Amino acid sequence: MELGIHNLRKRYQNEVVLDIDDLTIEEGVITGITGPNGSGKTTLLNVIAGIEDCYEGKVLYGGKSYSDEIKLKTTLVFQKPYLFRRSVFDNIAYPLNLRKVPRDTVQEKVREIGNLLSINDLMNKKGHQLSGGESQKVALARAMVMEPELLLLDEPTASLDPESVVKIEKSLTEYQKWKGCTVVIITHNIEQSRRLCDKVICLERGKVALNGVL
Amino acid sequence: MELGIHNLRKRYQNEVVLDIDDLTIEEGVITGITGPNGSGKTTLLNVIAGIEDCYEGKVLYGGKSYSDEIKLKTTLVFQKPYLFRRSVFDNIAYPLNLRKVPRDTVQEKVREIGNLLSINDLMNKKGHQLSGGESQKVALARAMVMEPELLLLDEPTASLDPESVVKIEKSLTEYQKWKGCTVVIITHNIEQSRRLCDKVICLERGKVALNGVL
Amino acid sequence: MEYIKQGFIEAFQLLLQFDPEVYDVIGLSLFVSTSATVIAAFVFVPLGVYLGIKDFKGKKMISRLIYTSMSIPSVIVGLVVALLLARRGPLGFLGLLYTPKAMIIAQTILVIPLILGLTYSMAKNRGVAIHKVAKSLGGTRWDSVILIIRELRIDILVNLATSFSRAISEVGAVMIVGGNIKGQTRVITTTISMMNSMGEYPMAIALGTILLIISFGIHSIIYSYSQEE
Amino acid sequence: MEYIKQGFIEAFQLLLQFDPEVYDVIGLSLFVSTSATVIAAFVFVPLGVYLGIKDFKGKKMISRLIYTSMSIPSVIVGLVVALLLARRGPLGFLGLLYTPKAMIIAQTILVIPLILGLTYSMAKNRGVAIHKVAKSLGGTRWDSVILIIRELRIDILVNLATSFSRAISEVGAVMIVGGNIKGQTRVITTTISMMNSMGEYPMAIALGTILLIISFGIHSIIYSYSQEE
Amino acid sequence: SRAPEEPAEPPVSEEPVDEPIEEPSAEGSSIILATTTSTQDSGLLDFLLPIFTEDTGIEVKTIAVGTGNALQMGRDGEADVLLVHAKPDELQLVEEGHGTLRHDVMYNDFVLVGPDANPQLEAGNNISEALERISENDLVFISRGDNSGTHKKELALWSDAGVEPSGDWYNEAGVGMGDVLKIADEMQGYTLTDRATYLALKDEMDLRIYVEDDENLFNQYGVIPINPDKGEIINADGGNAFAEWLISDKAQELISEFGVEQYGEPLFIPNFGK
Ligand SMILES: Nc1ncnc2c1ncn2[C@@H]1O[C@H](COP(=O)(O)OP(=O)(O)OP(=O)(O)O)[C@@H](O)[C@H]1O
Ligand SMILES: Nc1ncnc2c1ncn2[C@@H]1O[C@H](COP(=O)(O)OP(=O)(O)OP(=O)(O)O)[C@@H](O)[C@H]1O
Ligand SMILES: [Mg+2]
Ligand SMILES: [Mg+2]
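Taken in sequence, the protein lines are chains W, E, G, X and P.
Using our numbering, the first residue of the first sequence is number 47, and each one after it goes up by one.
Using our numbering, the first residue of the second sequence is number 47, and each one after it goes up by one.
Using our numbering, the first residue of the third sequence is number -8, and each one after it goes up by one.
Using our numbering, the first residue of the fourth sequence is number -8, and each one after it goes up by one.
Using our numbering, the first residue of the fifth sequence is number 10, and each one after it goes up by one.
Keep in mind that the hints were calculated from the coordinates and are not lab data.
Computed from a predicted model, the values in this text were never measured in an experiment.
Errors might be hidden in some of the hints.
Pairs of lysine-lysine, DSSO-like flavour, derived with a Cα cap of 27 Å [to be verified]:
1) X:Lys123 to E:Lys104
2) P:Lys161 to G:Lys173
3) W:Lys104 to W:Lys119
Working from the sequences, and respecting the hints, build out all of it.
Structural data, given as structure tokens:
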């Protein structure tokens, strides 16, 4: 799904926090977003994900505007992940159950993604009892399990230990290649964006300051 | 304040998440804590800060056990910072107001710390309306402004942009040298601990796996 | 003071005598108030959550109306229901007035604002974050409603217990639509009220104590359920 | 149906006639219930927050007792207060029975469980995180209490409005301790109840409508205050 | 509005605390009158009391409760004077020393009412016979069932008629008179009511009078000042003044006028000394 952003303007009270005239995010690649704190990265991702729907301008998904259909193919991993007060397994299974995936398939897919992100030993813990890094991994798994065409990630590795970062980066690239999905990832880590991203957008005070290949 | 940890054991339900026989954290230096996700770093910091008080074993502060007096000299910046629903200025001023510091001094100190961490332009925003990185900086400022003898930081730079990280690290070392306080900082960033820390403790599955100089 | 002490003693005597009449009254109280709470909950817990997480024009007005409706006096609810169900009223053909069914109807109407208001405020405060996550995972608003109800089930149970408490302890509505007819529509509170107007204070206090014991039991059950989780 | 329509019309007529008796009744209702809510709030909002964030042995028991106390029937509160304030009761020498002061006392006791329960549950759910932060910054538990009250002031106001609604719409307690004495202790609900038993339904509905208008006004004020923030 | 605060400081009600007995005259004091709901709901007291206060300077706090409760308040010394209708109990109260004396004040009468058109129950004006027929035919009957004056009267009438009221047809409601009438209307049953309440609610209902004017149906109200020995706070002078006033020619006259305008007949018939 190619993303087209046109004349996007988002205000909080009187302050303009996003002001993007024209921006295209390519289909089937990993795009990185970076920029100083408070430059509007999270806000932009929320707008794209349809979470934030009070703004001026247009966001087009493969040429069409946001719809229920697109919603089913899009997902966002929040900067501060929120997990449900149930087991990690149930957390990850949730988007599949929403889509009425048969039980066996759910079991299988959750195990698979659990293997990929090395969180199978957490499966029986409760979502709200995890450590910061653990929750981030589970939130990522919950997003990836639904095999979205558009995967939006807000600093997904900020609280991970270096070993996990390597593992997750590897899984993510493999996964993206395999599914051919579009990934947008916010990161402050330049090394990381170099390793992961095909394209990088840099925001500054709500405007696109840089858009290109690292 | 030197920290002595003796036979510390912390369980959640049946699971032991911390199990430390003997650990000393030196006075007047910066100690780093690292280790994989879920190894018990946050739990250890909470225990030291007196936030978590249901555990076996002893924690001694300069030889004494936890008391109201020690509480006034200790502070913790949480992994997921929580800011009050009032202005950033009021957030930072809060610990000073608690200590009945006169108004003028409060003004001055808050401005000072705001300068140090470059957050003076946020002062009039509301605490709950900040971006992830902004909140982390404000939470740090709120802790530093009270000039604690023991400063506990849980991944304080995880969501900061690289420029801010450099700035904050610099401020932190300067500040620590100036006040001579004890700092314990959790970080997943080995480079960072190399830059900041005099000593590093590495936890693994709740046990001290490494304790030394990087 | 004497009356109060005596009331407590009589409460236990009453319970231990196994007087079928007393147990009938207690049973009907439980039946009527439980039915009302359950019926109201089925519709208004989901609706409260839904309104709490949805943004729409006029939400401010709805907020205020919901909270306002919480202060409708039970006598008025009773009166209006009685007028509707009366033989000459629009629903008179049903012949429901002065039956337990009428009491259930009145109490359902009485607890609806409470259930709606408490659920609404809970969803507005704590449901929005959950809704965002569900939305990001492709869920519809109704998926969010179900998810929020499951996530906050303990709080919802406490709210329902509060509403049930309101129902079982109110007297205005059940008195008017039930008529406090012996063996038919007599519940704990109408009996208390009658005992009071007969000057039989210890008996009134005894029944009040029994009501509190029931309520304590219900909260204990919810509490132990919440501990299991 | 006719009665209900007529009731609405009469409500406005009543208000517009500026009959001093009607305004006295409304004024006393507001005075008694506001006083009760404010008095109870001063002690029990802080106490509720305190209990909500404190861990202590027996907290489970306290939880259940607080929630249970929310279902104490207002008739019983009225009766017990009346027995205490009665001439021969232990506080009879104060000569308070059948005065507005007695009504305030009874309603204070009535709203205490509600205020305590709602605040307690709010603090348990949302205050603990705030308490942790305050604690980490060197605050005592009472500092946390003050901080939580300030952070959650809108929710506390809504809780107090709910409690006030309960007070101003209840009739059992004020009827018994006030006695519905004309010109002295007559409030909206006791008048409604009297009108109802006199068969003056439209008047009863009119007064009920006025009560709802008051409640709506209060919630509107709170709402616009919360918007300003 | 400041208005509600005024009653918060009743000028006199607290005085007896300090000087309970010394008050030489009842002037300027206040008394608590425990009475039944019928005197209040009919509007009689609203009509009489302002005049009494004007005449004597004594303020009256009316507590309208069930007769059972009113008598209990008298026993407990919680009221200064009672105006109730349960003569045997009243006499007993005085005999036991709780009240100083008792005067007949007025009566109204009870009527047996029931649903429109029932030839089974044309009993003339004989209440006993009517009650017998009700029980024989299992006609629905609603009783007050709450120890009120009306309820006590009803039980006395059943026992006069030699009938034990029980069975499916006999419903004990345990609510006020007005509500019992509504129940009777709704269930299309019979009930015994005082005429005043019936007249007030007649238009809302399909109930007509079956038996009236039987002398057994007279409902005697009595006034009883409470014995000051019962407690130091009792305002005996005020209570006596009230009783004296009620049986004065002026008050008796006023009672006979009350309700004539609205219902075409008096609701209460004064009968002191008759
Ligand atoms: N609810 C809100 N009300 C007002 N201002 C807000 C709100 N949320 C965010 N902002 C402001 O919008 C700006 C952009 O916020 P955003 O969260 O998008 O930043 P970001 O680029 O994600 O920063 P970070 O790297 O720190 O996460 C910030 O200046 C922030 O203070
Ligand atoms: N409330 C809780 N109940 C049960 N288990 C918990 C709870 N809180 C934490 N844990 C578990 O305790 C272990 C240690 O958690 P802690 O938060 O201390 O890890 P951490 O070292 O800080 O990890 P991270 O780097 O991810 O922040 C984890 O396995 C976590 O799942
Ligand atoms: Mg962000
Ligand atoms: Mg951690």
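Verification of the hints:
no. : hint                 : result
1   : X:Lys123 to E:Lys104 : holds (21 Å)
2   : P:Lys161 to G:Lys173 : holds (17 Å)
3   : W:Lys104 to W:Lys119 : holds (19 Å)
Of the hints listed earlier, there is not a single one the structure fails to meet.
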